[in-house]
Every structure is written in structure tokens, then in C-alpha cells.
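Novice: Sequence:
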Amino acid sequence: MRSFFYYLRCTAILLIVLSISLSAGFYIRYRHERSAQLALFKEFEARMAANPELDHSYAGSTKNFKSFLPGETIAILSVDRLDVKVTVREGIDRDVLRISAGHFPGTALPGEGNFCIAGHSSIVYTCLFNNLREAVVGDEVTVTTQTKTHIYDITEINIVNPEDTYVLNSSTESMLTIVTCTNNGSNRLIITAKER
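The opening position of the sequence shown corresponds to residue 39 in our numbering, with each subsequent residue numbered one higher.
Keep in mind that the hints are not guaranteed to be accurate.
Pair by pair, the computed Cβ-Cβ distance ranges are [stated by the list, open to error]:
no., residue 1, residue 2, range
1, K232, R85, 56 to 62 angstroms
2, L53, E83, 42 to 48 angstroms
3, S41, N196, 54 to 60 angstroms
4, E178, Y44, 57 to 63 angstroms
5, D133, L53, 30 to 36 angstroms
Under the rule of at most 27 angstroms between Cα atoms (straight-line distance), these lysine-lysine pairs were calculated in the DSSO-like manner [unchecked claim]:
no., residue 1, residue 2
6, K123, K80
7, K123, K186
8, K123, K232
These are calculated hints, taken from the structure and not from any lab test. These numbers were taken from a predicted model, which means no experiment stands behind them. Just so you know, even glycine gets a beta-carbon here, dropped at the ideal spot from N, CA and C.
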């Protein structure tokens with residue numbers, strides 16, 4: 039008859055194998071997503087080099103601007119102090135947010151009002167915005183588009199409920215709103231910044 043210690047040892051081995059498998063799975067997914075992110079950076083930088091005059095700017099109002107295609111990379115956002123550097127693509131669907139930040143369709147582009155973006159901060163999904171939990175008022179955020187670099191200073195950091203969509207309201211001021219999850223996804227961390 040097998041002893042209690044035999045079953046205990048088998049359980050321990052099984053848990054170790056399971057832990058290694060899960061870790062390997064997360065690592066493989068992280069490497070795949072990181073590779074996809076780097077490809078987006080290269081593609082955007084190549085597009086900038088090939089056609090520096092390409093302009094997706096507004097033509098006088100938010101109703102008449104030349105829109106981006108869903109999934110198209112429109113900018114690179116960075117917060118140097120927090121070691122955050124991400125591409126921003128048009129849209130906030132799952133495919134976009136899997137490997138980049140996303141621009142809320144219908145909100146302003148950089149320099150033209152409230153530029154609203156979303157991104158994951160999670161160990162289950164991409165962890166692009168995890169470091170934003172350490173943001174403080176006064177931190178500098180840089181948004182580089184095809185035609186211009188916009189510098190923003192963080193002015194407010196708030197935690198709201200998921201249904202509090204007023205943070206996406208339009209503005210006559212040039213500002214940036216970053217939306218990401220906090221408190222295990224039950225709330226949203228909102229970072230507001232104003233352009234210099």
C-alpha cells in the first residue's frame with residue numbers, strides 16, 4: 039500500500055510541472071506580443087521616414103477630420119520616467135489592445151482636444167500600462183505622431199468606475215486622457231494630462 043508521502047510527493051511534482059507549464063505559456067505569449075509590438079514601432083518609424091509629410095490632422099472640426107483605419111498606428115506614446123513606450127493604434131477592440139494602446143474612435147487626435155486612449159495593465163493581458171500606477175502629477179508624457187511631437191504634463195490622477203465615461207468628453211483644450219484598469223479590473227485608473 040502506498041504511503042501518504044508517496045501521494046504528497048506526486049502532488050508536489052504535479053504542481054511543479056503545472057507551474058513550469060503556466061510560466062512557459064506566459065513567457066511565450068509575452069515574447070510573441072513583444073515581437074508584435076516591436077514590429078509596430080518599426081512599421082510606424084519606417085512610414086514616418088518614407089513620408090514625413092503625411093498628415094491625418096483635422097480639417098477645422100472634429101467632424102471633418104481625415105480618419106485612420108481601424109488598427110492603424112497613429113502615434114507613439116512614452117513616459118520616460120516610468121519606462122513606458124507604446125504604440126497607439128486606432129480603435130479599442132481586443133486585437134488592438136492585445137499588443138498596443140488604442141485610440142477611442144470619435145475622440146480628438148493629439149493637439150486637437152481630448153485625445154483619449156486605453157491600454158491594459160495586467161499580468162493576464164498585455165502589461166503595457168502597469169507602470170502607470172506609479173505616475174505622479176507633473177510627469178511628462180510624449181506623443182509622437184506622423185507630423186509632430188506633443189508634450190503633455192500629467193495634471194490629475196483619478197480612479198473611477200467603468201461606467202464613468204465622462205472622462206472621454208470632448209474639450210477645447212489640447213489634453214490627453216489615458217484609461218487603464220486598476221483594482222483587479224473593477225475600476226479604471228484615469229490619467230489626465232495637458233499639452234504644454
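Novice: Please flag the earlier hints that this structure goes against, numbers listed from lowest up.
Specialist: 1
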